[in-house]
Amino acid sequence: MVTFIRVLAAVVSALILVGGLIAVAAGQPASGLWAMVLGGVGIVAVTFERMRYRSESAEHSRADGGAGGGEPQVPQHPFTATDERFLDPSTGRMMRVYLDPATGERRYHAEG
Amino acid sequence: MAPERDPREIRLAVEKGGSVIVSTAPFVAGHRVAETKGHVFGLVVRSRGLGGNIAAGLRSLVGGEIHEYTELLEDTRRQALDRMVANATLMGADAVVSMRFDSSEIGSTMSEIVAYGTAVVLAADDGAPQGLE
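Read top to bottom, the protein sequences are chains A and B.
According to this note's numbering, the first sequence is numbered sequentially starting from 1.
According to this note's numbering, the second sequence is numbered sequentially starting from 1001.
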């Protein structure tokens, strides 16, 4: 549903932007610029919208999350699997927590 | 720059399953607190974004679970916990006891969650008395 809403919001924002351009061209600069700003903000917001939290590192690199918002692949050394597991409420996937013992950084990966 | 951790502390963490134990109780079964490092917390503020907020608003019209906000709060708690554990590790702790979550909202669309507790160093002790809440 979110994907559909995002596409719809992007289309509506683009239409508002185009409408603003037309209004400016037709000699209505005040309302045209306002519509262009509104449409532009909408497009930027939808384009850069963050979906799931994956890890602190991924937050900085803006990498997409895998199943359940976790890592797409099993985390490798120095990450070690822990006994901590939980169900991701939105996907129902069982998530296992991995930890780098030296830094305390945690990663998540969907199992099963 | 992060201080070097004592290799014995890292080994202890690995022996315990590579995990920093996070306990909501003020004790960890089979262990005694050998050293209290101090309070530790992880704080984060997250928002769902334009598409998610619109979808959540539409879903609230028909009722039921608002999956977009469930996802937001689940992710926010994960990130707060991650930051708390990283901070505890930085302090040389191998466990956090009496951990709690606290939450509030900022500007009606942003969720603030803090995970906090007491960072400690544990020592294995089967006969250690278990504390009371």
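For the record, the hints were derived by calculation from the structure and aren't laboratory data.
Be aware that one or more of the hints could be misleading.
Said to hold, decoys possible - Chain A side only, calculated, beta carbon under 10 angstroms to chain B, not exhaustive:
#1 Phe4
#2 Gln28
#3 Phe48
#4 Ser55
#5 Pro101
#6 Thr103
#7 Glu111
Unchecked claim - Stretch by stretch, here's where chain B covers chain A in the computed footprint (C-beta under 8 angstroms, at least three residues):
#8 5 to 15
#9 34 to 46
#10 81 to 90
To be verified - Here chain A is said to cover these stretches of chain B; the calculated rule only asks that three of the stretch's residues, wherever they fall, bring their Cβ under 8 angstroms from a Cβ of chain A:
#11 1030 to 1038
#12 1053 to 1062
#13 1078 to 1088
Please read these numbers as outputs of a predicted model, since none were measured by experiment.
Even for Gly, the Cβ is constructed at its ideal location relative to N, Cα and C.
Now the hints, each set against the structure:
no. : hint         : in the structure
1   : Phe4         : 8 angstroms, holds
2   : Gln28        : 26 angstroms, violated
3   : Phe48        : 8 angstroms, holds
4   : Ser55        : 7 angstroms, holds
5   : Pro101       : 4 angstroms, holds
6   : Thr103       : 6 angstroms, holds
7   : Glu111       : 16 angstroms, violated
8   : 5 to 15      : holds (count 3)
9   : 34 to 46     : holds (count 3)
10  : 81 to 90     : holds (count 7)
11  : 1030 to 1038 : violated (count 0)
12  : 1053 to 1062 : holds (count 4)
13  : 1078 to 1088 : holds (count 9)
Hint compliance for this structure: hints 2, 7, 11 are broken, all remaining hints hold.
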